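Sequence order for the protein chains is W, B and X. Under the numbering used here, think of the first position of the first sequence as 1, with each following residue one higher. Under the numbering used here, think of the first position of the second sequence as 1, with each following residue one higher. Under the numbering used here, think of the first position of the third sequence as 1, with each following residue one higher.
Hints listed in this document are in silico derivations from the structure and should not be mistaken for laboratory results. Here the structure is a predicted model, which means the values were calculated and not measured. A portion of the hints provided could be inaccurate.
Claimed, not checked - The list that follows gives simulated cross-link-like pairs (lysine-lysine, BS3-like), each with its CA atoms no further than 25 Å apart:
(1) K207/W to K147/X
(2) K207/W to K211/B
(3) K207/W to K19/W
(4) K211/B to K147/X
What the hints assert, rightly or not - A few chain B residues facing chain W, derived, Cβ under 7 Å:
(5) T45
(6) A113
(7) G125
(8) R173
(9) Y176
(10) F297
(11) P315
(12) R317
(13) R340
(14) D341
(15) D351
Cβ atoms here follow ideal geometry from the backbone N, Cα and C, with glycine treated the same way.
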Amino acid sequence: MMRASDTSRRGPLVAFMVKEVQHILRDRQTLTILILMPLLQVLLFGYALRTDIQDIRVAVVDPSPDYATLAFRNRLGATDRFRIVDVLPDASRLETLFRRNEADVGVELAPRFGTRLARGEPAGIQLIADASDPNGGTTMAAYVNAVIDDFAAQMGASRGAVHIALDTRMRFNPTLASVNLFVPGLIALVITLVSALMTAISLSREKERGTLESLLVSPLRPWQIIVGKVLPYLALGLTIVLLVLAAAWGVFRVPFRGSLALLLGEALLYTLVSLALGVLIAARTSSQRSAMLGALVGTMMPNALLSGMIFPIASMPAWLRLVTYIVPARWFIVIARGVMLEGVGVANLWVETAVLVLMTVVLLVAAVRSFDARLA
Amino acid sequence: MRTLRFLLRKEYRQIVRDRMMLAQILIMPVIQLLLLANAATFEVTRARLYTVDLDHTVTSRALIDRLVSSGRFELAGSSASMALADAAMLDRRAGVIARIPRDFERNLMRVDAAPVQLILDAKDGAAAAVTRSYASAIVTDYAAELGAARAGGEALALGAPAVAMPHVEVRSRAWYNPELDYQDYMVPGILVELITIAGTLLTAVNITREKEIGTLDQLNVTPVTRAQFIAGKLIPLWSIALVEFGVGLAVAAVVFHVPMRGSVALVVGVAAVYLVAALGIGLWVSTIAGTQQQAMFITFFLMLIYLLMSGLFTPLRSMPAWAQWIAHLNPVMYFVRIMRDVLMKGAGPSDIAPDVGILIVYGAVVFTLAVRQYAKRSA
Amino acid sequence: MTQPPNDEPAIRVHELTRRFGSFTAVRAISFEVARGEVFGFLGANGAGKTTAIKMLTGLLLPTSGDARVAGFDVYRETESIRRHIGYMSQRFSLYEDLTVRENIELYGGIYGLSDERIATRSTELIEGLGLREARDTLVVSIPLGWKQKLAFSVAVIHDPAVVFLDEPTSGVDPITRRQFWEMIYTAAARGITVFVTTHYMDEAEYCDRVSIMVDGGIAALGTPSELKRQYGVAAIDDVFVRLARPAA
Chain W
1 MMRASDTSRR
11 GPLVAFMVKE
21 VQHILRDRQT
31 LTILILMPLL
41 QVLLFGYALR
51 TDIQDIRVAV
61 VDPSPDYATL
71 AFRNRLGATD
81 RFRIVDVLPD
91 ASRLETLFRR
101 NEADVGVELA
111 PRFGTRLARG
121 EPAGIQLIAD
131 ASDPNGGTTM
141 AAYVNAVIDD
151 FAAQMGASRG
161 AVHIALDTRM
171 RFNPTLASVN
181 LFVPGLIALV
191 ITLVSALMTA
201 ISLSREKERG
211 TLESLLVSPL
221 RPWQIIVGKV
231 LPYLALGLTI
241 VLLVLAAAWG
251 VFRVPFRGSL
261 ALLLGEALLY
271 TLVSLALGVL
281 IAARTSSQRS
291 AMLGALVGTM
301 MPNALLSGMI
311 FPIASMPAWL
321 RLVTYIVPAR
331 WFIVIARGVM
341 LEGVGVANLW
351 VETAVLVLMT
361 VVLLVAAVRS
371 FDARLA
Chain B
1 MRTLRFLLRK
11 EYRQIVRDRM
21 MLAQILIMPV
31 IQLLLLANAA
41 TFEVTRARLY
51 TVDLDHTVTS
61 RALIDRLVSS
71 GRFELAGSSA
81 SMALADAAML
91 DRRAGVIARI
101 PRDFERNLMR
111 VDAAPVQLIL
121 DAKDGAAAAV
131 TRSYASAIVT
141 DYAAELGAAR
151 AGGEALALGA
161 PAVAMPHVEV
171 RSRAWYNPEL
181 DYQDYMVPGI
191 LVELITIAGT
201 LLTAVNITRE
211 KEIGTLDQLN
221 VTPVTRAQFI
231 AGKLIPLWSI
241 ALVEFGVGLA
251 VAAVVFHVPM
261 RGSVALVVGV
271 AAVYLVAALG
281 IGLWVSTIAG
291 TQQQAMFITF
301 FLMLIYLLMS
311 GLFTPLRSMP
321 AWAQWIAHLN
331 PVMYFVRIMR
341 DVLMKGAGPS
351 DIAPDVGILI
361 VYGAVVFTLA
371 VRQYAKRSA
Chain X
1 MTQPPNDEPA
11 IRVHELTRRF
21 GSFTAVRAIS
31 FEVARGEVFG
41 FLGANGAGKT
51 TAIKMLTGLL
61 LPTSGDARVA
71 GFDVYRETES
81 IRRHIGYMSQ
91 RFSLYEDLTV
101 RENIELYGGI
111 YGLSDERIAT
121 RSTELIEGLG
131 LREARDTLVV
141 SIPLGWKQKL
151 AFSVAVIHDP
161 AVVFLDEPTS
171 GVDPITRRQF
181 WEMIYTAAAR
191 GITVFVTTHY
201 MDEAEYCDRV
211 SIMVDGGIAA
221 LGTPSELKRQ
231 YGVAAIDDVF
241 VRLARPAA
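Construct all of the structure, not just a fragment, from the sequences and the given hints.
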């Protein structure tokens with residue numbers, strides 16, 4: 001007798017899940033975008049989005065050209081990184097060049113430069129960087145300074161007779177590829193998108209259409225409805241994550257130094273947090289549109305902006321750093337980066353894992369309770 | 001035209017009564033701006049430095065002191081063990097390890113050269129590069145100091161006057177952003193992002209919603225022409241996005257003290273032109289989306305590409321040639337550039353004329369294509 | 001009242017066909033509707049009724065065949081058709097976030113009525129429907145039966161030659177349905193041709209003539225009495241059952 005009632009309860013649940021899967025598969029547009037979007041992001045970050053500065057356009061102000069200034073201009077022009085776009089007699093046009101985005105750096109050589117050098121008088125070079133982009137400005141200035149150093153050495157001029165050789169090693173990411181940093185964040189984003197956003201919309205749509213009520217009248221219990229709704233999205237999310245990882249590793253050799261099992265386990269944990277959030281939002285909103293808005297503000301926005309995915313948390317002001325502590329994605333990204341780029345194990349990540357577990361428990365309880373209350 | 005007047009009246013009435021849309025229009029952008037402006041920074045603040053000083057001399061300690069007192073580095077620990085340093089890095093307690101080998105001072109005295117090893121946590125490659133630049137500048141300055149002191153000292157020791165050697169004096173200027181404030185650089189671009197998303201998303205979802213509910217069919221059967229319908233939808237949304245832009249500018253100026261060196265009127269004018277393109281894209285999305293959810297997803301997908309390839313977050317000129325070429329087809333790129341040029345550098349109409357021209361062409365083309373795509377009847 | 005130019009029937013359809021890929025939704029249907037007639041377009045769900053209406057109202061291009069509505073050709077003169085017809089869709093399609101009065105004004109304006117005419121018609125409609133107290137209420141808040149009647153009134157606000165009603169009485173109680181049909185008769189008496197689709201077979205009795213669509217084609221066409229006589233049954237319902245399941 002137990003057997004019969006078990007199958008009769010599993011029957012509707014499975015049927016329900018099948019319907020949900022069909023629904024997902026039929027919405028070709030959304031499905032295509034869900035898969036294409038992260039893959040495209042990986043491609044962009046791998047191939048197109050870089051931060052190293054190439055092709056610096058220099059405008060040289062040379063009031064009195066002579067052997068020294070010509071030597072300097074040649075050295076500058078001969079360096080791959082630079083391109084001399086204009087040689088001006090004075091600095092008056094420099095500002096226009098900057099305003100029109102036609103030059104990145106201006107180098108102003110003092111009048112009678114060569115003579116001064118020969119006489120041992122200070123020969124001035126004024127370096128003007130377009131520092132609208134602060135990092136860019138700093139980096140460009142550093143590169144120009146390096147050329148000036150070489151030039152000074154060539155001229156036998158001093159910039160210092162002592163030389164401290166700085167031997168730098170970039171750890172975890174020798175090529176400074178931004179894609180390595182980005183892929184863990186992308187995994188979090190995909191999970192959030194599918195598990196939180198889509199679940200919220202799907203549940204609220206059923207609520208709006210009234211089909212949810214007919215489900216409740218069926219033999220399915222509320223928690224079964226949630227599970228049945230949520231499992232297909234969980235499977236979908238994890239599938240896309242695997243796709244992203246495959247693409248990142250296959251195309252860009254993004255390192256995977258740690259244990260795949262650990263990453264997937266933590267991903268599963270993070271998925272649960274997102275699912276709980278999605279259900280909570282659906283339960284607390286009254287229409288599909290408000291569920292969409294709520295999911296956007298409550299899950300996607302923090303994930304994109306405050307999780308450290310794109311913008312480093314260390315750069316944020318202190319109060320904002322505090323806010324990031326309640327963003328689940330933030331914790332997962334630390335874990336994912338640790339596993340993928342550093343190759344560490346749970347021992348180094350237990351704090352973050354514990355936080356995620358705590359969030360899962362709290363949110364799940366809140367979600368189930370919210371759901372029951374709304375409909376009972 | 002009279003019909004248009006009726007349609008506009010209907011749209012504005014609906015918008016005012018739609019509390020969710022009002023929230024989206026008034027509150028969301030402000031919140032997003034506040035959050036983004038604070039979050040969207042790649043500024044490299046102090047790196048946590050772990051030192052392994054195997055020399056223990058005046059010189060080595062002075063070097064460390066130079067690093068820390070520059071404000072760019074913060075001492076996170078020190079020991080004589082690389083293993084401990086390594087652990088600190090793995091634990092994320094330190095982002096940079098500086099290792100000064102034995103005989104550092106002696107080598108400097110004897111042969112005027114000595115190495116120092118720097119290990120950086122380069123998971124964030126861009127930040128690591130900038131940190132390296134800072135460290136390099138500090139070390140070079142220190143070396144120059146040592147050299148100058150040496151030259152002076154030697155001269156005194158020999159009892160001869162200091163020889164006038166040829167030397168180059170370099171002065172550095174950072175224009176437009178002397179404080180190196182990232183907000184000045186990012187906020188103008190964030191404003192562009194906000195109204196782009198707002199304009200395109202609102203348009204796409206709004207029209208798709210009419211499709212979903214069925215009022216679109218109702219209108220399609222009336223004498224309302226395609227042009228009237230589109231104008232009736234887009235004009236209110238365009239005006240809203242423009243108002244949002246104004247509000248955003250005000251917040252940028254008052255709260256973030258973003259410089260407004262150029263003409264604000266000019267920037268608003270360009271925004272008005274730019275929005276035609278942005279809304280046109282939203283219109284186009286509404287013709288291919290069947291449900292509001294699809295409209296939202298498609299818009300996000302497109303906006304993602306537009307924003308990433310616009311030079312907003314990563315420098316345009318760092319992209320490979322083919323990517324830059326694509327970016328030149330992107331209206332967002334032009335508007336972001338115009339915003340930065342006008343607000344930060346004080347560019348005027350003649351400076352930005354070519355970019356504005358392109359925006360106008362873009363708007364006209366996108367709009368025409370979208371209108372043509374939107375047919376009142378399916379064939 | 002706007003009438004078609006010459007002495008044509010209100011609607012003339014000849015071998016009208018619509019295919020979607022390999023699926024034929026409407027299969028060479030032909031019929032005519034006279035002016036002022038109340039014509040019932042019946043059929044089961046999925047028989048092709050909505051597709052046919054979409055072709056007649058210019059929302060869908062036919063694959064082949066001819067049709068003229070209010071004297072205008074559905075291929076080339078759709079803009080003229082739209083000026084001379086009214087339409088009430090299945091979901092009533094009133095703007096729920098506008099008031100009763102605002103909806104009336106909107107459609108009046110869209111159909112080109114002058115401001116004075118809009119004011120006159122507005123008062124007529126509101127008084128006629130007994131909606132005076134509700135005139136500044138958002139449509140979302142008024143009961144379904146009133147919404148339905150309002151939607152119909154708005155559809156004929158400009159005295160069109162033909163009004164198309166797509167399942168106008170879905171989900172409405174029988175008493176309200178009867179009142180609705182009285183409105184239809186009043187409109188027909190004014191000379192407006194009423195083309196109504198429904199799957200309530202009892203409403204067929206209210207029409208001057210009916211056609212019954214089965215699987216994309218017209219299986220029966222005539223007055224209710226004619227059809228009942230032809231099939232030897234007492235109600236149109238039974239005619240339909242005979243047609244839909246010939247084996248039975």
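Hint by hint, here is what the structure shows:
1. About 24 Å separates the Cα atoms of K207/W and K147/X, which keeps this hinted pair within 25 Å; it holds.
2. In summary, the hint linking K207/W to K211/B is supported, as the alpha carbons are separated by about 20 Å, within the 25 Å threshold.
3. With a C-alpha separation of about 16 Å, the suggested pairing of K207/W with K19/W holds against the 25 Å cut-off.
4. Proposed proximity of K211/B and K147/X is supported: the alpha carbons are some 20 Å apart, at most 25 Å.
5. Look at T45/B: its Cβ gets to within about 6 Å of chain W, closer than 7 Å, so that hint holds up.
6. Look at A113/B: its Cβ gets to within about 5 Å of chain W, closer than 7 Å, so that hint holds up.
7. With a least beta-carbon distance of about 3 Å to chain W, the hint placing G125/B at the interface is held under the 7 Å criterion.
8. The interface hint given for R173/B holds, since its Cβ lies 5 Å from the closest Cβ of chain W, which is under the 7 Å cut-off.
9. Evaluation of the Y176/B hint against chain W yields a held restraint, the C-beta minimum of about 5 Å falling below 7 Å.
10. Interface restraint check: F297/B against chain W, minimum CB-CB distance 5 Å, threshold 7 Å, status holds.
11. A hinted interface residue such as P315/B counts as satisfied when its beta carbon comes closer than 7 Å to some beta carbon of chain W; here the least separation is about 6 Å, so the hint holds.
12. Below 7 Å, beta-carbon pairs count as interface contacts, and R317/B has one with chain W at about 6 Å; its hint therefore holds.
13. Because the beta carbon of R340/B sits about 6 Å from the nearest beta carbon in chain W, less than 7 Å, this interface hint is met.
14. With 7 Å as the threshold, the beta carbon of D341/B comes within range of chain W, its nearest partner Cβ sitting at about 6 Å, so the hint holds.
15. Proximity of D351/B to chain W holds as hinted, the smallest CB-CB distance being about 5 Å (cut-off 7 Å).
Taken one by one, the earlier hints all hold for this structure without exception.
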